[in-house]
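*Asks:* If you want the building blocks of each chain, they are given just below.
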Amino acid sequence: MNTVTGVPSPDRSVAVLSAWNTSSLGDAAAEWRLGSDGLYGAADRTRTAVTGISHGDLSGSIRDAVDRSLNRTADSLGRDGNRMSIAASYLEDGGERISSAIRELRLRVSLAESTGFTVHDDGTCVPSVDLVLGQVVVSAFAPAPGHGFRAALGLAMLHSRRITGAMDQVIEADADTAVALSGAHPGPLGDGPTSLTGDARANGVDSVNDTSDAIFEAGWLAERSGGRLLESGPDHGTSGVIAYGAALTDADHVIILVPGTGSDLSDPDSVVDQSTKAHGLLAGATVPTAVLVAMHDAPGHVTSAAGDRYHPAAADQIRTVAARAAESTSPGARISVAGFSHGAVVAAQATQGPGLRADSVMLIGSPGAGPGLRSTDGMKLVDQAGKRHDNGAGGDSRVLVANDPADIVTHTPKLRLHGADPADDAFGALPVELPDSGRTIPGTGPHSSYFTDRRAMRSITKALETAVGN
Amino acid sequence: MRGVRRSSTGVPAGRHRGVLRGYPPFADFPQFRIGAGVSGTRRDRVTVRISGMTEPLLHLSPESLSTVSGSLATVSELVGDCARRTVGVDGLPGSATRLRATDLSAAWTDHVRGRADLVQRYSHLAASQATSLAAEDSDLGAVFRGGGR
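In order, the protein sequences belong to chains A and H.
When we follow my numbering, the leftmost residue of the first sequence carries the number 6, and every step to the right adds one.
When we follow my numbering, the leftmost residue of the second sequence carries the number 995, and every step to the right adds one.
Bound conformation, chain A alone (with noise of 0.2 Å):
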């Protein structure tokens, strides 16, 4: 799963981690969501600050101005309480799966204790000296391999296994929580602890020189592909965020793309496959637009990306990537996310709960749309003041799926391994029109040409324009 590196591991003993009590956490959670709908109410009132005013008492050029500097205010403060209800979302996620582990821990160490064993602080057991003559002399009397005194200890190491395995599970927990509260914060795109120096103290980094060596080859990578390395994450590891194109001040089109597996800021191939994609959606572009490349904490390859296991963080890391960039564009621009194979579960499953600020989502050689989602109503769209997005439908859907027959993968979400095939009539979204690619039987091979054929690219890009309105 995730690999935090920059994350500070906490004092990992029986007693510290199953004395954790995680009720704060939905404590906490609760609070936040309480502001979050704060917010949306302070939003609703600053927009109808001048309504209820008569236009004898306020009019022309003066009103106009009031009401678009007390709108701007208004999807400012939505913006945030949509934000604020990501941060809950996550608090409440990393509450439940500290509970469950922690509970787990508690468990095993209930079970070793109650059978005879003494669980030290870090995990290991030992036998009672009553258990231990217990089982030699239950040995002596009924000779048995389960029996004696290697049997105790054979259990011993079994409680010892499960043991560090559940203090594992709840640092991993812990660790994965840490990052994903790392990307709710209030700041834009490259600014906090997702910055390209991070959050130094948060990371656990005497300084920011430590991290300094990743960042600069994936900045220079970066750079050598046309493109701007924004930020790389709370870890400096694998995830991070690539520009192309318009600066995002100047866009009125933001293309975030979500890539699938073996995304990765560390390797070179990977930067580079990217920057491809990212210009390949350029080209076909007629407004100003930017591309950024979200790389997230993908699968290293197809094999890995079976299952659910990848999803929420990843998910998580779309969603906070996509509300910083809400707040570096500029007022009228549109935001389309757009998932490639993997990264379409990805960008399917980051719609859930709080929701994705984005004007439009494509799954683009989707091999299914993950777990819990079974048509495009199930998926939360926000908008540019932080409020809920009509979904549409038919022609006007704002979620739309991008398939070359020929594509295999996209025949895989009949196996079920990744939920719902976005592309069934029942899931409602809109078939983007893409050229006949001239292959009739199914392979690999155009999976990987959505990104390189002019047309397909053209024929994508426009699709995202006409659903963003641009």
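Hint data in this document are derived by calculation from the structure and do not stem from the laboratory.
Incorrect hints may appear among the rest.
[Stated by the list, open to error] Computed cross-link-like contacts, SDA-like style, restricted to lysine to any residue with a CA-CA straight-line distance of at most 25 Å:
| # | chain 1 | residue 1 | chain 2 | residue 2 |
| --- | --- | --- | --- | --- |
| 1 | A | Lys467 | A | Thr457 |
| 2 | A | Lys392 | H | Ala1101 |
| 3 | A | Lys392 | H | Gln1114 |
| 4 | A | Lys392 | H | Gly1088 |
| 5 | A | Lys392 | H | His1105 |
| 6 | A | Lys385 | A | Ala411 |
| 7 | A | Lys392 | H | Glu1057 |
| 8 | A | Lys392 | H | Gly1108 |
| 9 | A | Lys392 | H | Ser1099 |
| 10 | A | Lys392 | H | Ser1060 |
| 11 | A | Lys392 | H | Ser1122 |
| 12 | A | Lys392 | H | Thr1068 |
| 13 | A | Lys467 | A | Gly358 |
| 14 | A | Lys392 | A | Glu97 |
| 15 | A | Lys392 | H | Ala1121 |
| 16 | A | Lys392 | H | Ala1077 |
| 17 | A | Lys385 | A | Thr449 |
| 18 | A | Lys467 | A | Arg444 |
Keep in mind that this is a model prediction, so the values were computed, not measured.
Starting from the structure of chain A, add chain H where the hints point.
*Replies:* Structure of chain H alone, referenced to chain A:
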């Protein structure tokens, strides 16, 4: 100022050239530099006309600005309450989650307080402009008179 025919609001009537600064007091509000006919037909209202235009450029009353100011003051309080909701977590000593949640709480508290302060500033400015607009020899009036010399 003898010789200048005044409206009941203190704003001199007639055609004058001047700068209407900061109305209303929002960041993107344009600075006016216009040749304007100012007529105070009512004590509580200012109407600004541009020479040659039939329709007035704007109507502005102290009450309208007071209403905006009041609404924004309420909003600022609401947002201030929200800032107090961005709490951290305890009960997980030594955890990475606790550390991150503490940082997140601090960052969001600052951020939301900043929003509340901004809205409060808008409210105060709207209120102060409402007061000066209603006053005899208001800033608005002074500005217009000054520009007309």
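*Asks:* Please verify whether A/Lys392 and H/Gly1108 have alpha carbons no more than 25 Å apart.
*Replies:* Distance of about 22 Å is within 25 Å: holds.
*Asks:* Given the proposed pairing of A/Lys467 with A/Gly358, does the C-alpha separation stay at or below 25 Å?
*Replies:* Given that 25 Å is the threshold and the Cα spacing comes to 29 Å, the pair is violated.
*Asks:* Check whether the Cα positions of A/Lys385 and A/Ala411 lie no farther apart than 25 Å.
*Replies:* violated, 30 Å
*Asks:* Taking 25 Å as the top limit, are the C-alpha atoms of A/Lys467 and A/Thr457 close enough?
*Replies:* holds, 16 Å
*Asks:* A/Lys392 and H/His1105: Cα distance at most 25 Å?
*Replies:* Within the cut-off at roughly 20 Å; holds.
*Asks:* Does H/Glu1057 lie within 25 Å of A/Lys392 when you go C-alpha to C-alpha?
*Replies:* violated, 32 Å
*Asks:* Given the hint that A/Lys392 pairs with H/Ala1101, test it: the Cα-Cα distance must not exceed 25 Å.
*Replies:* Holds: A/Lys392 and H/Ala1101 sit about 23 Å apart, inside 25 Å.
*Asks:* Is A/Lys392 within 25 Å of H/Ser1122, Cα to Cα?
*Replies:* violated, 33 Å
*Asks:* Given the proposed pairing of A/Lys392 with H/Ser1060, does the C-alpha separation stay at or below 25 Å?
*Replies:* violated, 29 Å
*Asks:* Given the proposed pairing of A/Lys392 with H/Gln1114, does the C-alpha separation stay at or below 25 Å?
*Replies:* Measuring from Cα to Cα gives roughly 24 Å; hence the hint holds.
*Asks:* Is A/Lys392 close enough to H/Gly1088, meaning Cα to Cα at most 25 Å?
*Replies:* Violated - the C-alpha atoms of H/Gly1088 and A/Lys392 are around 37 Å apart, more than 25 Å.
*Asks:* Given the hint that A/Lys392 pairs with A/Glu97, does the C-alpha gap stay at or below 25 Å?
*Replies:* holds, 21 Å
Of the numbered hints listed earlier, those contradicted by the structure are 4, 6, 7, 10, 11, 13, 15 and 17.
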